[in-house]
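**Q** Turn these sequences into a full structure, and let the hints guide you.
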Amino acid sequence: MKKRFLFFLFVGLWAVIVNGHNDSLPALDKLADRLQRFGERIPQEKVFVHMDNTCYYLGDTIWFAAYTRQTNTDKPSKISRVLYAELWNHGGFLAGSFSGAFGSITSAAFLSVGNHQYFGDPYYTWKDYAYAAAFGGITGGVTNGLVSVAKGNNFWTGEAVAAGRSPFVFNNNPVTTDTKSLSIDFNSSEYHPDDNFIKHYNSHGRHADINLSSQEIQTRVKDEIVKCQLHLKVGNNSLRGTINGKPMTIQVNITSDGVVRSYNLYPGHSARTNLTNPIIPFDNLKW
Amino acid sequence: MISSKNELITRFIPPITNNGYNEPFIMENCIVDNIDLCSARFNEKIIIKNCIIRKIELSGTFFEQGLDFSNNVVQCYIIFEAGGHNNQSISFINNIFNSFFCFFDCYFPEKVVVKGNIFINGSDLLTKEDPNIDNVFGNGYVVDCNLGSLDTPPEVSQKLLTEAAKKDRSVLKI
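So the sequence lines, in the order shown, correspond to chains A and B.
Taken in order, the first sequence gives residues 1 to 287; the numbers are from this note's numbering.
Taken in order, the second sequence gives residues 288 to 461; the numbers are from this note's numbering.
Please keep in mind that the hints were generated in silico from the structure rather than gathered at the bench.
C-beta atoms are modelled at their ideal positions from N, C-alpha and C, and glycine is treated no differently.
Misleading hints may appear alongside valid ones.
What the hints assert, rightly or not - Over the 10 Å line for every Cβ pair with chain A, so calculated as not near, a few chain B residues:
#1 I303
#2 F312
#3 S326
#4 A327
#5 K332
#6 I334
#7 K336
#8 I339
#9 I383
#10 K398
#11 G403
#12 N426
#13 G427
#14 D431
#15 L437
#16 L448
Said to hold, decoys possible - Quick list of simulated restraints, FRET-style, between CB atoms:
#17 E442(B) - H204(A): 18 to 26 Å
#18 V429(B) - H204(A): 17 to 25 Å
#19 K453(B) - T219(A): 32 to 40 Å
#20 E450(B) - N211(A): 40 to 48 Å
#21 G403(B) - N284(A): 45 to 53 Å
#22 I334(B) - P247(A): 33 to 41 Å
#23 D431(B) - N187(A): 21 to 29 Å
What the hints assert, rightly or not - Which stretches of chain B does chain A cover? Using the computed rule of at least three CB atoms under 8 Å from a CB of chain A, they are:
#24 293-300
#25 359-370
#26 373-380
#27 439-445
**A** Here is the structure:
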């Protein structure tokens, strides 16, 4: 037993010594070298996609630029030639697609956000709406002419995108200052909240410190509601923040079609009317 | 004037008239699934009596010529918010409210009469939370012979309402 052990020890040491003489690289450098050679023989690419916004409203145009870089050199790649982009809605249906030439640096294209009904589903949250997912993928590459991009990176999160046609999803905070695609309806045929708001909001002089006309306050309250429209849910919604440094609440009740049934502005914050919907914060407004 | 008697009604919304008010109505002996009076503004007295009502919505409802709400059974919670503005009395008499009845930030220039009701989960009609949002009674109120709390603390109100809202959602499966 002892002899056998000594024999194997001798053989092992001999192999290490001989190998060391043949290759002077330390183990780590050797691995790096192998990786380098692998990258040269079978080049890998990373795909990057830049978007012009972090979320989109219904009907918006999505502009994006995409480029690939080789993983071994981190230089622009010329391997892949076609960019495929697809737009999926929250239900997992393809809402639009694009394919075009893929340059070494960038290739700009656009898709239109569509097939969304934000208010059609009471459980359809603003996050779902912001998930107007864009997808970048490249074909024509190295392994049997199939998908060449083993991995991509989500530009925003830095997280890896799985191989193949994996959509990556943006869930950054939506831009709420853009009111161009207003879908909140203050003037439906069934409800007319404007008159009641004017009469009620200052019914016992509680907003006398805001030195604005009723109409001006109403306009600002409505603007604030519109700004928060992506966060609104069916039923009562509480928008909480401060106006001129004082705590204020804007209460708005909407239907599943985005119709405003009532809205109100009151000083302070109360838990009583905030039931199942999350509280929506707004910034310190200077009126 | 809309008049509904002995009817089964799924959803009732008073139409808006040309002069900016809502069509006034009388509802008697009806079984109603939903009475939606959000942001309604009535310049005539509204009467709802002897009805079984699953849900009534009163956000921003103005009863300028008063309300007679009597001998009804209401199954769901009610939020009467930012409303009132009555030049005549509003009365709730001999009703059964199976869930919480929330009065929030209402302004009642004229009298409010609450008599002989059963508030199974209570109400916050007289709750004091913040003078800016407490209900304002310009000409006082008459509260008599009711069962159930009318000054439920705000935290309890919120808890009861939240539970009721969740229950309502699950019933409706919306």
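**Q** Run every hint past the structure and note whether it holds.
**A** Okay, the hints, checked on the actual structure:
1. I303: Non-interface label fails for I303(B): nearest chain A Cβ at 6 Å, not farther than 10 Å.
2. F312: holds (15 Å)
3. S326: Violated, because the least Cβ-Cβ distance between S326(B) and chain A comes to about 4 Å, which does not exceed 10 Å.
4. A327: violated (8 Å)
5. K332: Nearest chain A Cβ is 18 Å from K332(B), so the label holds.
6. I334: holds (21 Å)
7. K336: holds (24 Å)
8. I339: Non-interface label on I339(B) holds, nearest chain A Cβ at 23 Å vs cutoff 10 Å.
9. I383: Label holds. Min Cβ-Cβ 22 Å, cutoff 10 Å.
10. K398: holds (17 Å)
11. G403: It holds; G403(B) is separated from chain A by about 25 Å at its closest Cβ, greater than 10 Å.
12. N426: holds (14 Å)
13. G427: holds (15 Å)
14. D431: Non-interface label stands for D431(B): nearest chain A Cβ at 25 Å, farther than 10 Å.
15. L437: holds (14 Å)
16. L448: At about 5 Å from chain A, L448(B) fails to clear the 10 Å cut-off, so the statement is violated.
17. E442(B) - H204(A): 18 to 26 Å: Given a distance of about 25 Å, which is inside 18 to 26 Å, the answer is holds.
18. V429(B) - H204(A): 17 to 25 Å: holds (21 Å)
19. K453(B) - T219(A): 32 to 40 Å: holds (35 Å)
20. E450(B) - N211(A): 40 to 48 Å: The hinted range 40 to 48 Å holds for E450(B) and N211(A), with Cβ atoms some 41 Å apart.
21. G403(B) - N284(A): 45 to 53 Å: holds (48 Å)
22. I334(B) - P247(A): 33 to 41 Å: holds (39 Å)
23. D431(B) - N187(A): 21 to 29 Å: violated (42 Å)
24. 293-300: This one is violated; 1 residues, fewer than the three required, reach chain A with a Cβ under 8 Å.
25. 359-370: Contact hint for the segment 359-370 of chain B vs chain A: holds, 4 residues under 8 Å.
26. 373-380: It is violated: at least three residues are needed, and the segment 373-380 of chain B offers just 0 whose Cβ sits closer than 8 Å to chain A.
27. 439-445: holds (count 4)
Of the numbered hints stated above, those contradicted by the structure are hints 1, 3, 4, 16, 23, 24, 26, listed in ascending order.
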